[in-house]
Structures are given as C-alpha cells and as structure tokens.
Amino acid sequence: MAASSSFFSRTLLPAYGLLVVGLPLAGLGYALAGSLGVAGPLAGGFTLHYWRGLGAQTGLLGAVLYSAWIALAAVGVAAALALWLVLGAQEALRRGPLRLLLHLPLLMPALVVAFYLFQLLSRSGWLSRLSYQSGLTTSIEGFPELVQDAAGVGIILAHVLLTFPLLTLLLQAIYEESRLDEFRQLTLTLGASGGQFRRRVAAPVLLGRAAPTLLLSFIATLGAYDIPLLLGRPYPQMLSVYIATRLQRFDLRELPAGYLAGFLVALGLLALIGLLVRLHRRHAL
Amino acid sequence: MRSRLLPALLGLLLALPFVLLGLLALAEQWRWPAALPPAYSLTAVRSLLGATDNDLLAGLGRSLLLAGTVAVLATGGGLAVARALARSTRSARWEAASYLPYALPPVLLATLIQPFIIRLHLSGSGVGVLLGLLLVALPYATLLLRSFWTPQVAEYESLARTLGCTSAQAFRRVLLPLAWPRLRTALFQTFLLAWFDFGLTNVLSVGKVRTLTVQVFAYVGEANSQLAAVASLLLLLPPALLLWLNRPALLRRPE
Numbered sequence: 001m002a003a004s005s006s007f008f009s010r011t012l013l014p015a016y017g018l019l020v021v022g023l024p025l026a027g028l029g030y031a032l033a034g035s036l037g038v039a040g041p042l043a044g045g046f047t048l049h050y051w052r053g054l055g056a057q058t059g060l061l062g063a064v065l066y067s068a069w070i071a072l073a074a075v076g077v078a079a080a081l082a083l084w085l086v087l088g089a090q091e092a093l094r095r096g097p098l099r100l101l102l103h104l105p106l107l108m109p110a111l112v113v114a115f116y117l118f119q120l121l122s123r124s125g126w127l128s129r130l131s132y133q134s135g136l137t138t139s140i141e142g143f144p145e146l147v148q149d150a151a152g153v154g155i156i157l158a159h160v161l162l163t164f165p166l167l168t169l170l171l172q173a174i175y176e177e178s179r180l181d182e183f184r185q186l187t188l189t190l191g192a193s194g195g196q197f198r199r200r201v202a203a204p205v206l207l208g209r210a211a212p213t214l215l216l217s218f219i220a221t222l223g224a225y226d227i228p229l230l231l232g233r234p235y236p237q238m239l240s241v242y243i244a245t246r247l248q249r250f251d252l253r254e255l256p257a258g259y260l261a262g263f264l265v266a267l268g269l270l271a272l273i274g275l276l277v278r279l280h281r282r283h284a285l
Numbered sequence: 001m002r003s004r005l006l007p008a009l010l011g012l013l014l015a016l017p018f019v020l021l022g023l024l025a026l027a028e029q030w031r032w033p034a035a036l037p038p039a040y041s042l043t044a045v046r047s048l049l050g051a052t053d054n055d056l057l058a059g060l061g062r063s064l065l066l067a068g069t070v071a072v073l074a075t076g077g078g079l080a081v082a083r084a085l086a087r088s089t090r091s092a093r094w095e096a097a098s099y100l101p102y103a104l105p106p107v108l109l110a111t112l113i114q115p116f117i118i119r120l121h122l123s124g125s126g127v128g129v130l131l132g133l134l135l136v137a138l139p140y141a142t143l144l145l146r147s148f149w150t151p152q153v154a155e156y157e158s159l160a161r162t163l164g165c166t167s168a169q170a171f172r173r174v175l176l177p178l179a180w181p182r183l184r185t186a187l188f189q190t191f192l193l194a195w196f197d198f199g200l201t202n203v204l205s206v207g208k209v210r211t212l213t214v215q216v217f218a219y220v221g222e223a224n225s226q227l228a229a230v231a232s233l234l235l236l237l238p239p240a241l242l243l244w245l246n247r248p249a250l251l252r253r254p255e
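Heads up: the protein sequence lines correspond to chains A and B, in order. Each step along the first sequence adds one to the number in UniProt numbering, with nothing skipped, and position 258 is 258. Each step along the second sequence adds one to the number in UniProt numbering, with nothing skipped, and position 147 is 147.
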C-alpha cells in the first residue's frame, strides 16, 4: 500500500507538469516551428519567409491595436463606473439589495451577453423598435449602428456589463478593508471637502490596490473571443478571433502566418502576465 | 431618495437581459418595428420536452455531462495534486507553473494544442474537449485546494493513523470532511468554468461536440432567436441556482 502510494505521488507531479506546462509549451514550440516552416501540414524546410513578411501583415497589427483599444475602453469605463458607484453610493452598497443585484451579470456566459446585446442594440433590436415607436427614428436605417460597428461599441458595452459589477464588488471590499470611512471622517475633521477626500484619498487607494485586477481584466478582454465573434466585424478583428480564423481556413498556405501570429500574441500575453506578477509582488510587500 | 433610485435603476439595467431573453423565448413572429411580440407561445419550451431527436435537449445533456465530468475529475485530481504539491520541495515552482494555462486566452490555448489533439485522434471528440477543459480546470482546482494541505491537516492525518485508521479510513473519515467546504467550492467553480465555455470547446471539437453554448452560437447563425433564447435561459439555470443557494453569504453585512 505504502509502495503504491509512493509510486502514485512520484508519478503524479510529472504527469501534472506534462499536462499543465508540457502541453501549452509544446503548442508554443509547434507554433514557432510552424512559423519557421519546419512543422505543419505543408512544412517545406527552414525558412524566415513568414518572419520577414511580418511587417506586411497589416491584419495582425490591426488586430493588436483594435484589441488594445477595446480592452482599454472597456476596462476604463468599467473602472470609472465602479469607482463612481463605490464613492457615491456607499449607503446603497452597504444596505439593501444592490450587493446581490451586482452578482446577476456573473450568471451570464459571455456568449449569452453577446446574444442579448445583439438583440438589444442591433438595427432590428429592441432599442431600435422602441425608438421607432416613440418617433425618435423613422426607419430601420435611422437607428445608429451599435453592434458590428467599426469602433466596437457593442463589444465594449458587453465587456463593461460583465466587468463593472465585479470591479464594484472588488472596490467596495477594498473600501471596507482599508477603513476609508474612518479616513473620510478624519479628512473632513481636518477641513477637507468631500470631493477632496474622494479625489486625493479614496480614488488613489482604491485604484492602487485594484491595479493587478484591472490589469488582469485588461488581459482577459484583450484575449476575448465569444463576444467579438458575435458583435464584431470581419475587419478589424480582435486577436483571438483573428488567430482562430487564420488557423481554421481551408487554405493550408495560410497556416504558417497563423502560427506566427499565435506565437507572437502568446509571447506578448506571457510578458503582460509577467508584469502582472511583478506588480502583484510589489503590492504584497 | 438617491439611495433608492440607484438600486432601482441598476436593478432594471441588470434584470433587462432576463426580461428580453424571456420575451424572445416566448415570442411568435416578432418582427421589426413591433416593440412587443404580437403573440406568445410555449412552442420552443415545449419542444424541449417533446421531440425524441431533440437537439436542444441533447445539448443540455451533453453540457451537463461534460461540465459534471470536468468538475469531478478536476476537483478529485486537484485535491491529489495539491497534496503532492504541498509535500514537494519545489512547491513554489509548481504553483507558479500552475498559472501557465491562465496566461493564454482559452481559444489561443486551444489553437496551440490542437495539432497534438489531432495527432491523438481526439479532434472533434468529447474526450478531446474534456482534455482541453481539464487543462484549465485542473490547475484552477489545484491552486484552490493547495491551501487545504497545511501542516495541521498532516498532523490530523498522522494522529488518525496512530489511533488505528488505515490510510483509506483516515482519508474518508478525517480528511474528506475537513476538505468538504473547499471541495464544494472547487466543484461548483470548475463546473461553471466548463459550463460557460464556448471558444475552447468550439475550436477543439471543430463544432462537432454541440454543447449548449455551441448551440446558442449555431442558432444565432441560423437567425433562430427563439431557440437561441431558450438555450441561453437554460445556460443561466445552474449559475442562478448556485447564486440562490449562496444568497445568505452574499447578502451578509460587512463587520
């Protein structure tokens, strides 16, 4: 029994490492090899052709910039909304049903949020119907394009809807943990106004301590797939949609460029995670 | 006044998805520019229980089976790996390595491991999807359960062995009851992780393993809003149940 138990614990960690570290790293290595022409269905030998052509891949650069814009806007709006709620509605957040209500969006998979917003915001959606019935618009084209639009308004709104309740709950927890109510009393006693307390004391404390989570939300939005797949356009595409589309095309000659994009994006995200870990350690000190 | 208006407004905003999805699930011939459906019917909901070769019901069953299997395997495996991690001399390194699958978006992870899934002849199969989901769920459960294996727990275990328990008895009668609150959380969270997934499942199964999320996407593609809404509402049921069960903890006032 003891021998089998020891054999079990000796083999368990290597097996775990093979799955959790080995498989993703092997995938990354395969993508690198694919981009160099030494792996994949049409591998014809080592070449730097695809790496040299990287500058001409406007689609990848477009996807990077578009994803960064969406992630920045979504996390920025969600954080601003959460901060406004925590600093302006303390009473409601401490008492009453608001705390429970903020958990409602957590019930929804990203794909369902995307479907809901499509039904709400598209030109044939519910808001368009209401605006027509109330005389604000006179035709279906009169309603602005809010989904599958160039600026990604629908995608941003979907991510805000998913992120801002979570950030509100997080900022509220930090507010209570940091005993900001006591600091508020102190600053008011010392002659500061409510606005000064919010701007100079509360906001820096809350945003500073929530910085790792904000960066994590940024990274998660950067790699979003379900929402931009339904609410986005064929061009520009967000990163995950761009890579998955390139690797799933029937034209196998597209694969090396797809592998290259996947490899570079994975490296970029790993670097961002490295930054997050360093930030987290600094906050933990 | 403001303290009442704000929750009411937010409540309206956050409840609107459920209202609109409910209307879409019951609406008959709801065309633009009608603000409300001209007629309501339970056809789509009834079809869930009626037909024998029902796609939606099969999707629900597939999703439940897949998410349930992921939850049980990830939680059981996570408990064992977390124990091995706690006893390892390189515990911190293993913990850091456990974060690797989270550094990459699920779809990117799926596209990277897809060549190996194809080589293993698992592409388009439930087992391939299960492996992909475990790649994310197992380290999650391991990290969640790592904090259970403290030196104190090890002392409880050796005390039970000293008092005559076999290792199986010590596990069943001492360790399992102690770990149960954390195991329950891990079971719920890994279940939801698999239940909510669309991208990884869709890429690894090449659309062949039609879970509920894959079906929502397919129905949207077919412009079948009614069935997409019914499938969406079905997707909300388990997390709603979990939220309801955890309501007392969520509403507890801060100290």
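A couple of the hints might just be wrong.
If we take Cβ atoms under 7 angstroms as the criterion, some of the chain B residues that face chain A in the derived model are [said to hold, decoys possible]:
#1 12
#2 86
#3 112
#4 163
#5 164
#6 241
With beta-carbon atoms standing in for the labels, derived distance ranges [what the hints assert, rightly or not]:
#7 A/183 - B/39: 39 to 47 angstroms
#8 B/246 - A/183: 30 to 38 angstroms
#9 B/158 - A/38: 49 to 57 angstroms
Keep in mind that the hints were calculated from the coordinates and are not lab data. No residue lacks a Cβ here, since even glycine has one placed at the ideal position from N, Cα and C.
Okay, the hints, checked on the actual structure:
1. 12: 10 angstroms, violated
2. 86: 11 angstroms, violated
3. 112: 3 angstroms, holds
4. 163: Not OK, violated: residue 163 of chain B not within 7 angstroms of chain A, min 18 angstroms.
5. 164: Check failed: Cβ of residue 164 of chain B comes no nearer than 15 angstroms to chain A, outside 7 angstroms.
6. 241: 10 angstroms, violated
7. A/183 - B/39: 39 to 47 angstroms: Given about 58 angstroms between the Cβ atoms, the range is violated.
8. B/246 - A/183: 30 to 38 angstroms: 31 angstroms, holds
9. B/158 - A/38: 49 to 57 angstroms: 53 angstroms, holds
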